[in-house]
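There are 2 protein chains.
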Amino acid sequence: MKVGILGYGNLGRGVEAAIKKSNDMELVAVYTRRDPSSLTIATPSAAVKSTADLDTGKEDIDVLIICGGSATDLPEMTPKYAAMYNVIDSFDTHANIPTHFANVDKAAKESGHIGLISCGWDPGMFSLNRVYAASILPDGQAYTFWGKGVSQGHSDAVRRIDGVKDARQYTIPVPAALERVRAGENPELTTREKHTRECFVVAEEGADLARIENEIKTMPNYFSDYDTTVHFISEEEMKRDHSGLPHGGSVIYTGTSSEGTKHVVEYSLTLDSNPEFTGAVLVAYARAVARMAAAGQTGGRTVFDVAPAQLSPLSGEELRAHML
Amino acid sequence: MKVGILGYGNLGRGVEAAIKKSNDMELVAVYTRRDPSSLTIATPSAAVKSTADLDTGKEDIDVLIICGGSATDLPEMTPKYAAMYNVIDSFDTHANIPTHFANVDKAAKESGHIGLISCGWDPGMFSLNRVYAASILPDGQAYTFWGKGVSQGHSDAVRRIDGVKDARQYTIPVPAALERVRAGENPELTTREKHTRECFVVAEEGADLARIENEIKTMPNYFSDYDTTVHFISEEEMKRDHSGLPHGGSVIYTGTSSEGTKHVVEYSLTLDSNPEFTGAVLVAYARAVARMAAAGQTGGRTVFDVAPAQLSPLSGEELRAHML
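Protein sequences, first through last, are from chains A and B. So the first sequence is residues 40 to 363, counted in my numbering. So the second sequence is residues 40 to 363, counted in my numbering.
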């Protein structure tokens with residue numbers, strides 16, 4: 040299976056690492072908007088090419104894994120390349136998924152390709168687990184908790200504050216809320232009751248720390264609805280203790296099958312590296328994309344449309360004999 | 040969607056409860072090998088019929104949910120009825136799955152129906168989670184823990200001992216083993232290190248309790264490889280404290296995406312009623328069976344072959360807008 044990667048940031052490198060672990064896949068090329076000669080990748084056998092090469096529509100790849108941002112890159116890139124290749128992305132702006140899907144579906148159908156969107160862990164594996172649990176126990180409720188993990192959007196928001204040199208924001212589920220949900224209490228939880236936020240900030244010399252802390256804690260949308268803790272640390276501490284991108288979380292579904300009979304279904308992830316795990320999910324679904332396309336299917340897809348067997352390098356016989 | 044249930048034991052009643060929770064489903068009839076007039080079911084609108092009616096091949100049902108035992112019922116029943124109807128079962132003798140699948144696949148293909156086997160939580164949801172995690176992180180290892188929950192096979196084995204009036208056996212995962220796995224240690228664990236067994240026994244008056252306890256603890260296959268605790272209790276205590284059939288467990292998958300970067304994926308179930316949850320899984324997959332058949336598909340299937348969207352009463356648009 041010949042794979043191309045578009046974009047070589049954290050996620051692109053995560054996808055590259057996952058392809059290395061997959062015997063049935065070959066990374067053909069990384070495509071970049073930068074000068075290709077400025078990029079050194081971790082796969083010696085793969086080429087580094089310009090997006091101009093990709094734009095010819097003539098690259099010999101079975102799937103293109105698009106590793107761009109959801110704000111501006113993917114809404115444009117995924118439909119564009121679905122008109123030329125089988126594609127997959129990790130589009131995660133929940134409110135815009137229907138529009139993005141419609142655009143990708145149209146381009147993929149017209150060109151005879153498959154375009155799978157919103158793949159990763161949320162949206163992605165968490166979404167799957169919400170659908171499985173709700174389909175099994177329609178009389179129930181899903182709770183999603185994120186963390187403990189680094190939120191890159193929130194870290195960026197803190198970095199934009201005047202006097203902040205660097206920042207890292209952790210999203211942390213509230214243990215008492217987790218316990219109540221796991222106990223099947225079906226609580227109504229406010230935003231503040233579900234998660235807390237913890238910020239590690241490197242301030243510029245002489246900056247007004249009290250002002251920075253206040254600006255963080257009162258920032259609308261990002262922090263004002265949460266209990267937030269701010270720690271000022273040195274650049275050395277930031278580098279030593281906060282250079283990773285761990286994340287994770289839980290989908291907990293509680294439902295009843297008859298009067299008084301309760302069940303709790305929980306799916307939890309504890310990830311050393313958010314981009315590497317997301318990359319690994321993308322690569323498994325890239326396998327399914329190539330297979331669906333080889334079977335003559337076309338159009339838009341999400342993780343909901345993919346049978347689990349399509350993700351595995353094992354045959355149906357092997358899966359039934361060893362995994363069922 | 041018109042559903043029939045074959046067999047009205049614990050599982051059949053669990054399926055009936057799940058159909059009640061599903062607005063798009065109607066229980067048409069319960070089929071029994073007993074005298075139909077001897078059976079009172081919980082769905083007034085449904086008929087109770089003899090298997091002789093089913094054997095005509097003319098019953099007006101979209102799916103038949105076969106609630107028989109894996110030892111002798113299902114190997115015969117599922118291929119037989121796959122020749123007449125769309126069928127689904129919860130066959131759970133792991134070693135015989137390939138043979139059972141081949142028989143059901145053949146009958147279903149020849150008759151133009153769908154036959155889905157081995158559906159429930161293990162095999163079933165646990166199998167799915169093993170496949171998802173192993174597909175995402177091929178460099179990893181799956182651990183399955185069962186319990187705390189009642190094992191009916193082990194309870195039956197204790198009941199067969201001379202001098203035992205009633206018995207209930209709980210399978211319990213060893214907390215230290217769970218912790219080591221969750222910590223990503225990838226331990227090698229023996230059978231004894233993973234689970235303990237706890238038995239509650241009502242003995243006949245005057246029975247030799249020491250002999251019974253010894254017979255349990257040394258019973259090959261069932262108990263001799265485990266640390267087992269035996270409690271003798273009264274009939275009243277058995278009825279009061281051990282009349283439910285709770286179960287559950289965890290699939291914990293630990294894998295690495297690159298040197299030193301680890302991830303832990305855990306899927307856990309805590310079930311008040313094993314047969315009601317198994318019944319609820321069967322009903323969700325029965326929806327998929329009816330849809331696959333309506334789309335003209337035929338042959339054998341397992342949970343690996345079913346896209347999650349097929350299980351949900353929601354449309355693709357609704358799933359993308361609200362669940363992704």
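Note that these hints are calculated values from the structure, not bench results. Treat each hint with caution, since some may be false.
If several chains are the same, the list does not tell them apart, and a pair holds so long as it fits within one copy or across any two.
Below, in silico cross-link-like pairs of lysine-lysine (DSS-like), each with a Cα-Cα straight-line distance of 30 Å or less [stated by the list, open to error]:
hint, residue 1, residue 2
1, K233, K301
2, K301, K187
3, K41, K301
4, K301, K60
5, K301, K59
6, K278, K301
7, K41, K278
8, K59, K278
9, K187, K88
10, K187, K233
Results of checking the hints against the structure:
{"no.": "1", "hint": "K233 - K301", "verdict": "both (22 Å within a copy, 26 Å between copies)"}
{"no.": "2", "hint": "K301 - K187", "verdict": "both (28 Å within a copy, 15 Å between copies)"}
{"no.": "3", "hint": "K41 - K301", "verdict": "between (47 Å within a copy, 26 Å between copies)"}
{"no.": "4", "hint": "K301 - K60", "verdict": "between (40 Å within a copy, 13 Å between copies)"}
{"no.": "5", "hint": "K301 - K59", "verdict": "between (43 Å within a copy, 15 Å between copies)"}
{"no.": "6", "hint": "K278 - K301", "verdict": "between (46 Å within a copy, 20 Å between copies)"}
{"no.": "7", "hint": "K41 - K278", "verdict": "neither (37 Å within a copy, 62 Å between copies)"}
{"no.": "8", "hint": "K59 - K278", "verdict": "within (28 Å within a copy, 57 Å between copies)"}
{"no.": "9", "hint": "K187 - K88", "verdict": "neither (37 Å within a copy, 55 Å between copies)"}
{"no.": "10", "hint": "K187 - K233", "verdict": "both (12 Å within a copy, 28 Å between copies)"}
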